[in-house]
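A.B. asks: Below are the chains, spelled out letter by letter.
2 protein chains.
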Amino acid sequence: MTSPSVDTTVVRIARSARKAALTLQSSPVGSINNALAIMANLLVSEKAAIHAANRKDLAAAATKNLSSAMVDRLTISDKTIASMVRGLLEVAALSSPVGQEYERRVRPNGLEIYKLRVPIGVVGIIYESRPNVTVDAAAICLKSGNAVILRGGSEALHSNLALVKLFRSALIKAGLPADAIGAIPTTDRAAIERLLKLSDYIDLIIPRGGENLIRMVTETSVIPVIKHYKGVCHVYVSAKADMGKAIPIAVNAKVQRPGVCNAMETLLLDIALPLKSRMKIVNALLENGVMLIGDPETRKLSPAVRRATVEDWKAEYLGLRLAVRTVKGVAGAIDHINEFGSHHTDTIVTESAPEAERFLREVDSSSVMVNASTRFSDGGEYGLGCEIGISTDKLHARGPMGVDDLTTYKWIVKGNGQVRQ
Amino acid sequence: MTSPSVDTTVVRIARSARKAALTLQSSPVGSINNALAIMANLLVSEKAAIHAANRKDLAAAATKNLSSAMVDRLTISDKTIASMVRGLLEVAALSSPVGQEYERRVRPNGLEIYKLRVPIGVVGIIYESRPNVTVDAAAICLKSGNAVILRGGSEALHSNLALVKLFRSALIKAGLPADAIGAIPTTDRAAIERLLKLSDYIDLIIPRGGENLIRMVTETSVIPVIKHYKGVCHVYVSAKADMGKAIPIAVNAKVQRPGVCNAMETLLLDIALPLKSRMKIVNALLENGVMLIGDPETRKLSPAVRRATVEDWKAEYLGLRLAVRTVKGVAGAIDHINEFGSHHTDTIVTESAPEAERFLREVDSSSVMVNASTRFSDGGEYGLGCEIGISTDKLHARGPMGVDDLTTYKWIVKGNGQVRQ
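Note that the protein sequences, when read in sequence, are chains B and F. If you're matching positions, the first sequence starts at 84 in the working numbering and goes up one per residue. If you're matching positions, the second sequence starts at 84 in the working numbering and goes up one per residue.
If we strip away everything but chain B, and leave its shape as in the complex, we get (with noise of 0.2 Å):
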């Protein structure tokens, strides 16, 4: 139950958010722009008040046992600062798809229809810890002419506050309304709880965080939400892959970043493959520090492999630990990723252009890949410019989500005084 004065408060946020969206929708993308380049300077030129709002969190977190790398996300740096400005200038000069007019059509009665891209209306974001999210999803909703309402993680609440502080100030001097970017300046649960139920106000919600705050959300909200809840990647390399390019393939997926949700958290291996290939590639993850959990045709391979489970199918481990699985062939391979798999990314690897016809078309994931590392599964490396989330639902977007994404379309209809017959 949510106490009356957090209900009235998320409310007001919630109502003033949507009255500055249908003031947004009709603003010129060049006032936007603006607001975000107003941004960059007050971050640079305000960073002092962002450095001593920062203070007060990192010293809460410091009587809180917080992990290193947590207190490390925590931070406001110079260098994050900077990385901030950056990403606001990089949406400011993406182009912007509101307004466009697509699928027109005259009718034999003479009615014009077409659809007129615009945008969403109001997002609502919910996330965890890092405060560079607040200032990164702010701009890419700003962007497409959305209004923002905010909930980043307890544990950055003053960093947040002050970061949207300046982001309203931002706003007012390029002569948009403030309340197209909210935050809810509490961190009671119960205010989450209410905000999901606000669908007169609020269009979508893109939670960001851990699986358990996601199932929450998507439990909870009767508004649109659109998410991922793991990422349990895929490489399969085939008795037809060339292993110059599926050794460096599952190394770079698994290694390269292991924290993330696009890295492998599953190698298959095709029981056709040569034992030496097989043992080549279990070796070169050895080698990279990855432990390896493995069914029993793996663990012939090395004796360093452990035994898996079925709950090691299933996994997202975000460590430099792998589950390997031997399968029969590509359909082996399909079988095991559309069972245990989360939708997310998966590759094959093989020199066979039907086998990899087959994996692409039948593998149903939000990026299917050959050839390339799962780690490439993203909005920058898509060329969307920036990235809001990636999605796993198979509505409305799917895989990176970029500016595009945050928008809809309505139907116009131009007619001359016709009448339905």
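Don't take each hint at face value.
No copy labels: a pair is met if it fits in one copy or bridges any two.
The list that follows gives simulated cross-link-like pairs (lysine to aspartate or glutamate, EDC-like), each with its CA atoms no further than 20 Å apart [said to hold, decoys possible]: (1) Lys497 <-> Glu445; (2) Lys359 <-> Glu302; (3) Lys198 <-> Asp487; (4) Lys497 <-> Glu440.
Quick caveat, the hints were computed from the structure, so don't treat them as lab data. Being a predicted model, the structure only gives us computed values, none of them experimental.
Position chain F relative to chain B; hints supplied.
C.D. replies: Frame of chain B, contents of chain F only:
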């Protein structure tokens, strides 16, 4: 709480549909079209079985005091069968977007990246009464390569199961998996609740029916839902309107078929419209048997106009009853519609291009029209060839939804051994 047997049945149907969907996504569109044509033939050759099943439902209805309108909707006449046959053949003749490749780009590292249009997977349709929806909805889902799970109204259970049985045999005859069409064979409401939690097997839920059903589905589902709660459609008549268009449009939007979601529910009259014009439009509606409920300004136009409350601005009457309000120009109309409307379909009648442009831009609805009746908001009228439903949500699809809207995309990435730096 679900009983074990209902639970087992629903999970079995959903799991079989998922499996069928994986087969279907690789099946040629020729086989799908063939299944639709076979089903059209079976509807005619097996019509005795359909009528027999329908008689069971009608007999049960007779004991329940259903309204004659509901009995009418429930009845499968030879005319109903002919209309289903026509629908099947029309859907078979549509082109399929599945397999289209678009947004292709080659990145500086040589990766070739594009989007491939694919079926969504498994679609659940939850609907009330009309058995013809069973055939129409299944046909549209199949055409776009999706498996479908149908849960129709309990009054139509026997009719629906008979139609699904035929459709499954048509699938087998076309060499496709019968489980691509599943029906929940029970009227137990717990079955719906169970279905709405099966996000591992079902990708999209489309509820069609009354507002209560749709709210229940939205609140219970952890699967994405596309829906419209209701259609509170507006016609705004500007002082710059041609009354020779305004009167026929207002009468058509209300009277031509008052029980449907794209019929007008509120008429907005510009205060600057001459009194005589306003009286003309009000009298035309009264002469067509429409009961009017209005604000004080409107009540001056005729003693027949009853007093409106704020509830009337939100009401979906679905009958020959209409709310009428006087507003200050296009700005007043836009404010009213964005506050009280249901984001379905709204029309301005005006000869002023700038006024029309402002209305089209600022009204936040799925269809926005100039000088045309709201009754045109329909998949067939928009040239989609068919309609699986209307969305007032902003995600994925907005307004009338056709075959294309039951597809999504996956990202295809083709490399030559690239790894991420």
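A.B. asks: It remains to establish, for every hint, whether it holds in the given structure.
C.D. replies: Consistency of the hints with the structure:
In the homo-oligomer, the alpha carbons of Lys497 and Glu445 lie at most 20 Å apart only across protomers (15 Å), although the nearest pairing inside one protomer, at 42 Å, exceeds that limit. For the identical chains of this complex, Lys359 and Glu302 are neighbours neither inside a copy (48 Å) nor across copies (55 Å), given an alpha-carbon limit of 20 Å. In the homo-oligomer, the alpha carbons of Lys198 and Asp487 lie at most 20 Å apart both inside one protomer (15 Å) and across protomers (14 Å), since each shortest distance falls under that limit. Proximity of Lys497 and Glu440 under a CA criterion of 20 Å is satisfied inter-copy only: 10 Å between copies versus 44 Å inside one chain copy.
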